[in-house]
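Taken in order, these protein sequences are the chains called A and B. Under our numbering, the residue at position 47 of the first sequence is numbered 91, and the numbers go up by one with no gaps. Under our numbering, the residue at position 1 of the second sequence is numbered 45, and the numbers go up by one with no gaps.
Please keep in mind that the hints were generated in silico from the structure rather than gathered at the bench. Here the structure is a predicted model, which is why all the values come from computation and not from measurement. Please note that a few of the clues may not be correct.
Treat identical chains as interchangeable: a pair holds within one or across any two.
[Said to hold, decoys possible] Capping the alpha-carbon separation at 25 Å, the derived lysine to any residue pairs in SDA-like fashion look like this: (1) 201 x 117; (2) 94 x 61; (3) 163 x 151; (4) 53 x 121; (5) 83 x 163; (6) 83 x 58; (7) 201 x 65; (8) 98 x 108; (9) 98 x 173; (10) 98 x 138; (11) 98 x 202.
Number of protein chains: 2
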Amino acid sequence: MKTPISTSKITTPTDREIHIERVFNAPRERVWRAFTNPKLIAQWWGRGNKLVIKRMEVERGGHWRFIEHSPNGVHGFEGRYREVTPPERLALTFEWDGMPGHVAVNTMTLEDLGDGRTKVVTPSLFHTTEERDGMLRSGMEQGVNQRYAALDALLAKPA
Amino acid sequence: MKTPISTSKITTPTDREIHIERVFNAPRERVWRAFTNPKLIAQWWGRGNKLVIKRMEVERGGHWRFIEHSPNGVHGFEGRYREVTPPERLALTFEWDGMPGHVAVNTMTLEDLGDGRTKVVTPSLFHTTEERDGMLRSGMEQGVNQRYAALDALLAKPA
């Protein structure tokens with residue numbers, strides 16, 4: 045079965061937020077596992093690049109740290125889990141090593157669409173408009189689309 | 045010599061900020077070292093409680109993590125250095141384990157008052173008003189005053 049092509053809807057509802065919505069062609073439990081199981085996230089989060097999971101403690105207060113080995117360099121990302129409520133809500137902080145101390149809070153909600161698909165809604169809140177705009181200029185939109193396309197591909201495989 | 049009694053001036057200039065000003069009876073270089081040298085910070089940051097410095101990498105992007113063993117429990121604090129410009133500016137993120145993923149950005153400026161004293165000005169910026177108010181309700185003011193009184197005592201000793 046071919047997965048329908050899908051793109052993320054990225055908007056800026058307030059001056060410190062980026063809002064991302066994306067529909068995945070898989071049941072909510074499966075999408076939840078793809079975001080919270082280290083073996084699964086290693087298969088898509090790097091969007092084709094080698095991804096090293098240094099730390100991934102999926103519980104309130106746990107830390108995560110991923111290293112992406114991309115053609116243009118090695119990039120570290122990290123943060124901490126703020127809320128873990130399977131299979132519907134995952135809130136975490138997000139920080140890129142290139143801008144240390146610039147922290148976004150991503151509050152992800154997984155919505156069961158009732159037809160075997162799942163809508164993932166992720167508002168990201170930044171401390172300032174400048175930090176939000178810096179994230180937008182960093183090529184975030186392309187990065188998100190590449191990551192989610194890789195997640196589509198993973199979800200298209202037999203569970 | 046007795047150190048003059050000093051208290052912190054704590055204000056809320058905007059709905060997401062706490063602003064702290066405090067004068068120390070010591071030259072700027074010495075106050076800078078007290079904030080950036082692990083052996084020195086271990087002597088005052090715990091305000092009399094045992095403080096374990098798990099990590100303290102004082103450079104842009106470096107991490108810090110302190111464990112305070114207080115009579116009412118063991119408390120972890122951590123964050124990351126965002127700017128380290130000796131001896132005048134130290135910006136870092138601040139997170140208490142009790143509220144993981146709730147991150148404040150503290151941008152500390154050390155001002156040489158020209159008379160052997162140093163004014164430390166620290167605006168803290170939170171993601172939301174609720175998080176700022178939660179920090180105020182947590183007894184932060186007392187904690188800051190106790191920490192800074194312990195720093196006074198350290199600075200009163202011969203360098």
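Measure nothing new, just compare the shortest in-copy and cross-copy C-alpha distances for residue 98 and residue 202 to 25 Å and report within, between, both or neither.
neither (27 Å within a copy, 44 Å between copies)
How do residue 53 and residue 121 come out at 25 Å by Cα distance, when the copy is not named: within, between, both, or neither?
within (23 Å within a copy, 36 Å between copies)
State whether the alpha carbon distance between residue 201 and residue 117 is at most 25 Å within one copy, between copies, both, or neither.
neither (29 Å within a copy, 48 Å between copies)
Tell me, please, which holds for residue 83 and residue 58 at an alpha-carbon limit of 25 Å: within, between, both or neither?
Classified as neither; 35 Å inside a copy, 44 Å across copies.
Identical-chain pair category, residue 201 with residue 65, by Cα at 25 Å:
Answer is within; shortest intra-copy Cα gap is 22 Å, inter-copy 58 Å.
Checking an output row: residue 98 and residue 108, CA cutoff 25 Å. Within, between, both or neither?
Both ways: residue 98 and residue 108 sit 7 Å apart in one copy and 18 Å across, limit 25 Å.
For the identical chains here, do residue 94 and residue 61 meet the 25 Å Cα criterion within one copy, between copies, both, or neither?
neither (29 Å within a copy, 40 Å between copies)
How would you classify residue 98 and residue 173 at a CA-CA limit of 25 Å: within, between, both, or neither?
This pair counts as neither: shortest intra-copy Cα distance 30 Å, inter-copy 33 Å.
Have a look at residue 83 and residue 163 and pick one of within, between, both or neither, based on CA distance no larger than 25 Å.
within (22 Å within a copy, 50 Å between copies)
For residue 163 and residue 151, with the copy left unspecified, which applies at a CA distance of at most 25 Å: within, between, both, or neither?
Within one copy only: 14 Å inside a chain, 38 Å across chains, cut-off 25 Å.
At 25 Å max between alpha carbons, let me know whether residue 98 reaches residue 138 within a copy, between copies, both or neither.
both (15 Å within a copy, 22 Å between copies)
In summary, the numbered hints that this structure violates are 1, 2, 6, 9, 11.
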